[in-house]
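Add chain B to chain A, keeping to what the hints say.
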Amino acid sequence: MIDYLPGGMLPIIVMILGSLLIAAISFWVSNRVLASVSIATMLVTFARLFILLSQPSLLGQSFGGVLTEDAFAVVFQLIFLSVAFIAVLYSVKYIDDDRNQGEYYSLLMLSVVGMMVVAASTDLLTMFVGIALTGLASASITAFRKHDRTGAEAAMKFYIVSALSAGLALYGISLVYGLAHSLQFSAVSAYFASNVTPSSPEFGTAMLAMVLLIAGFGFEIALVPFHMWAPDVYEGSPTPVSGVLTSGSKKVGIAALFKIFVIALIAFRAEWGPLFAVLAILTMTLGNVAALRQQNVKRMLAYSSIGQAGYMLISLPVFAAAMSDPSSYGSLATLSISYGIFQIMTHSIATVGAFGIVAVMSTSIAGPDVDGFRGLFKSNKILSLSMTIFLFSLLGMPLLAGFDSKLLIFSAAVGGSLISGYSWLIWLAVFGILNSAVSLIYYIRVVRNIYTDTGTPAPAFRLPRLSLLAILIAAVAVVVIGVYPDPFITACNHAAQALMSEL
Amino acid sequence: MSASPYLPVLIFAVISVLFVMVSFVVSALLRPTKREPLKETTYECGEVPIGDTRIQFHFQYYMFALIFVIADVLTVFLALWALDFQPGFSPVNILMFVFTGLLVAIVLYALKKEELIWI
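So the sequences go chain by chain: A and B.
Quick note, in the numbering used here, the first sequence goes up one by one and the last residue is 503.
Quick note, in the numbering used here, the second sequence goes up one by one and the last residue is 119.
Bound-form chain B, shown alone:
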């Protein structure tokens, strides 16, 4: 049987699935089990939980998440650009500046729009 080039991927996938299962099983075997009512509650950074688990997040968090996506996208492209950066006025550099400028303008627009719906 010839080793396919994707064999390492398969091995990696099997190991990564097994790792989770094994670590859960092993830690379940090793740790002592003691049930308490306080342990059954929702974990809220060590505080006593208040109210229902299912709360509605305010819409503004969603807006911030959306704006954050722009930064994410920008990072990917900037990293690629930085890997192969050559100084000077090459078309690539100009296009990247246009692209970055566009995204910055979009963030500014979103923040300005956000101002209007901010409570």
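With the rest of the complex left out, here is chain A:
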């Protein structure tokens, strides 16, 4: 019997109702009211998610066998919701002069609903529906300023890439269904574990499905052979939307990868482990090297987030290695996933904060140049300090969130390399650390510009209270996670355990 309205589904339902309400009332009310409704909806959802997280008895409710609100889902939903919340706070001023403001908030929230569905899905098709919802809604708001040519171009590119990646992933899903006769992750996992070995005739089809799934979600995450669209799209979107795309949509793809590869395709870990290791090294190297020469800050952050996605991917090969040797490093499997989630969390918050500062400094689509930050310290101390915090956190300075997460994810790679036969995992850590050193160059360029006074007039902008609040929330979160990471790591551990319990 299907439970038609379990309490675990309330966060998603509240978000859907809120976004529909905003679209409905958008004909009669002002930007301020729309923003308040959107913020209020998100606060209610936050409250509900925290209640779920604090009361483990409420977790794990299933909705018709397609969605399960477990700790993994709640932690990812909290990440997505925080990102969208911060982005909405600084959107209010950004879109003040635009038309169709109601649709902006509504679509932004609908894209978050899609992300939340992916995080909770226990079924390949539900996951696909969530990804399609996120893709459609975010492609539409990418074109929010439809008379801006770069915006329209970005939206077109994003739409085509989403369609292509959805098509590839769907083809992979259909092959998986053809083999396993089920779309449930756990059923697929059980089928592959017991019936398909490298010598069985289905093996080739299974590998084809695996490659198609990697390619489909690789486009979503902008992994390196599939990354070309990302900088153009992030540069051409309205800045708050770029923030949500880099720190939300990309992470949805990684959540989907975790669900598919850690649960459904676990039987093929010997095949996908090395593949993801190569992809991770390529992604982090190319992202960081390409970011070196970018003049536009949004483009630089786009390439930097491509590079960071490589760090998050480290958890998959380490997981594959740890699962092959459960006797000596059994807990490493859980920890590698947990540290991947922690890296996602810290990167999301720092990136959305950095995009917030870009959005405040210029409400045009293009955003400021790296040189546009010259003399920022003279005009606004709080913004300068916050930008420094965000960039240093992305870089991995001690006492900031990015340091903790990078330390943990690299140490997971080192731990995995101790397993016999997997000593090559050490290269993941080596390349990660080398790339962090490379990333110092382009992050420090912005920070140097902020504090050097070259006699040029300091950038002039207005700093609305809501935007300041958003940036302060993000900055404080980065510092708090950096100084006192225990509760956050514990939450990530619970999430990873919840994911592994589906095996």
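These are computed hints drawn from the structure, not numbers from a lab.
One thing to keep in mind: the hints can contain errors.
In silico SDA-like links for lysine to any residue, alpha-carbon gap of 25 angstroms or less [to be verified]:
| no. | chain 1 | residue 1 | chain 2 | residue 2 |
| --- | --- | --- | --- | --- |
| 1 | A | K146 | B | F57 |
| 2 | B | K113 | A | L21 |
| 3 | B | K113 | B | P49 |
| 4 | B | K112 | A | V33 |
| 5 | B | K112 | A | L21 |
| 6 | A | K146 | B | F64 |
| 7 | B | K112 | A | A190 |
| 8 | B | K113 | A | L136 |
| 9 | B | K112 | A | E202 |
| 10 | A | K146 | A | G7 |
| 11 | B | K113 | A | A498 |
| 12 | A | K146 | B | F97 |
| 13 | A | K146 | B | A65 |
| 14 | B | K112 | A | R32 |
| 15 | B | K113 | A | I489 |
| 16 | B | K112 | A | L434 |
| 17 | B | K113 | A | W28 |
| 18 | B | K113 | A | A152 |
| 19 | B | K113 | A | A187 |
| 20 | A | K146 | B | Q56 |
| 21 | B | K113 | A | M228 |
| 22 | B | K112 | A | V29 |
Since this is a predicted model, take the numbers as computed values, not measurements.
What follows is chain B alone, placed relative to chain A:
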């Protein structure tokens, strides 16, 4: 050779392809052929055609087509519901009412939005 369960599908596919080809060929053989300049023009419901064939449809037609898709989707679900309808306050009925209400609200929203861009 054992008859596969998909054999009827194959036969159906072959017949449906052949039907089109045969009917074209047969009618070409049977009808008289007389060329006239008027016959070569684009068919516009018997009128003398005006202007180019390639015209830009107004965006509003596209909007209406999109709204029509909602009705299409709704019909499919309502037909399934009607096939197995049981009166009463069962969860299925309530969910279908929510779903129908949602789609109706979306149509209303689209028409209201359309009003703003209507010339």
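These are the hints, each one checked on the structure:
1. A/K146 with B/F57: 20 angstroms, holds
2. B/K113 with A/L21: Holds, at about 15 angstroms.
3. B/K113 with B/P49: 35 angstroms, violated
4. B/K112 with A/V33: Distance of about 20 angstroms is within 25 angstroms: holds.
5. B/K112 with A/L21: Since the Cα atoms of B/K112 and A/L21 sit roughly 14 angstroms apart, the hinted pair holds (cutoff 25 angstroms).
6. A/K146 with B/F64: 21 angstroms, holds
7. B/K112 with A/A190: With a Cα-Cα distance of about 50 angstroms, the restraint between B/K112 and A/A190 is violated, given a limit of 25 angstroms.
8. B/K113 with A/L136: 19 angstroms, holds
9. B/K112 with A/E202: 53 angstroms, violated
10. A/K146 with A/G7: Given pair A/K146, A/G7 is violated - Cα atoms ~39 angstroms apart, limit 25 angstroms.
11. B/K113 with A/A498: 44 angstroms, violated
12. A/K146 with B/F97: 36 angstroms, violated
13. A/K146 with B/A65: 21 angstroms, holds
14. B/K112 with A/R32: Distance of about 21 angstroms is within 25 angstroms: holds.
15. B/K113 with A/I489: Violated, at about 46 angstroms.
16. B/K112 with A/L434: 56 angstroms, violated
17. B/K113 with A/W28: With a Cα-Cα distance of about 12 angstroms, the restraint between B/K113 and A/W28 holds, given a limit of 25 angstroms.
18. B/K113 with A/A152: 21 angstroms, holds
19. B/K113 with A/A187: Roughly 45 angstroms between the alpha carbons, so the hint for B/K113 and A/A187 is violated.
20. A/K146 with B/Q56: 20 angstroms, holds
21. B/K113 with A/M228: Between B/K113 and A/M228 the Cα gap is close to 35 angstroms, so the pair fails against 25 angstroms, i.e. violated.
22. B/K112 with A/V29: Roughly 15 angstroms separates the two Cα atoms, so the pair holds.
In the structure shown, a violation is registered for the earlier hints numbered 3, 7, 9, 10, 11, 12, 15, 16, 19, 21, in ascending order.
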